[in-house]
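These protein sequence lines are chains Y and H, in that order.
All residue numbers for the first sequence refer to this note's numbering, where the first residue is 1 and numbers rise by one.
All residue numbers for the second sequence refer to this note's numbering, where the first residue is 199 and numbers rise by one.
Calculated from the structure, these hints are not laboratory results.
Errors might be hidden in some of the hints.
Below, computed lysine-lysine pairings styled on DSS-like, alpha-carbon distance capped at 27 angstroms [to be verified]:
1. K355/H with K227/H
2. K39/Y with K198/Y
3. K39/Y with K193/Y
4. K227/H with K198/Y
5. K227/H with K193/Y
6. K355/H with K198/Y
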Amino acid sequence: MPLGAFKAALMGTAGVSTGDVVLLASTTVSSATGSVEFKGNFTSTYLEYIFAFYNMHPGTNNVSWAFNGSIDNGSNYNVTKTGSFFAAQVDESHNNAALQYQTGDDSQQATGYQNLTDGVGSDNDQSCSGVLHLFNPASTTYVKHWASRMTEYHASDYAIQVHTAGYFNDADDNIDAVDFKFESGNIDSGVIKLWGVK
Amino acid sequence: MAMTLITTNTITSGTANAAFTSSIDSTYKLYIFKLIDVHPATDGYPLRFYGSSDGNSSFVNQCSVTWYAYTPESGTPSLSYHANGDQHAGSPTDLAYTIGNDADQSLAGELWLFDPSNTTYVTHWYSRTTANGNSDESFDLFSGGYFQTASAINAVKFDMGSGNIDAAVIKMYGVG
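Please build the complete structure, drawing on both the sequences and the hints.
What follows is the structure, encoded as structure tokens:
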């Protein structure tokens, strides 16, 4: 969704406020890491949080980048969620172009990690990048909405753009931690930044 | 390129619409509206979007498209064009589908309005919202199009297809 005009802000320097978009955290993965967790950032100070992912590179071939939320500060990542997953794709030979809903990657009252991409390749030049918005995670009135847009270099040499959106179906509890990982194997490298929108 | 908060419209009780009638001018080339937990009074209607060239007195026709991914909590999901939500010479455009009014149901998302003060070209906009529908489903709805006038757009309005907005926070930012 918003990488266009937000680009300069999202690429900003850690600790620097860019207008009313404030960089809260930045994690650089430079060696094999199972997952990246953000906690202690999600309060009512901001009604929207934006994660930006830069060249997330998996240790294992053909694995989806995925996320989950927690209501107990990261002790468990298993919040019930419903959300969609659709993608546009084409391969490097300009074949197999498609725009499709992918039922195997969505969530229907599921507690597992929500895929944000299809299978990212682990070749040296393969990775995924994109943005995830999390709306009002401190709310204890409404479900918590998210929306993402990712672009990836698929393991089978496709360009794929994926949109997901949905809600954590828990109105009573705030989301106080978020975790990212590949569906199996490690994150070998990548940068994740977290922004709060005033 | 910084994003600057211009106006916050917080709705805490039944309100017919949320209008932004000032500060949409040549100061910024891009205006972004953030829609946070828009909660309708009436079950099963969309959030809608209007633009005005006369300060919210009348509303400019639009040409727009809308489509969505639909994921029920149980059942068959789909990806569809929303033929009843677009416009070819009318107003408003739907920014969502059938939003639920259960106490925990709402909509979130954003709308981008490009260069509204220009008087040479039409004024473009696009949006994306995520909402839970009144039959317990997720809608990821995309809209976009242009106002069919070269006059400046100086006001915008959001309302529900029927009934009030009972609660919401809508913020307007300037970019650039």
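Going back to the hint list, which numbers does this structure go against? Violated: none.
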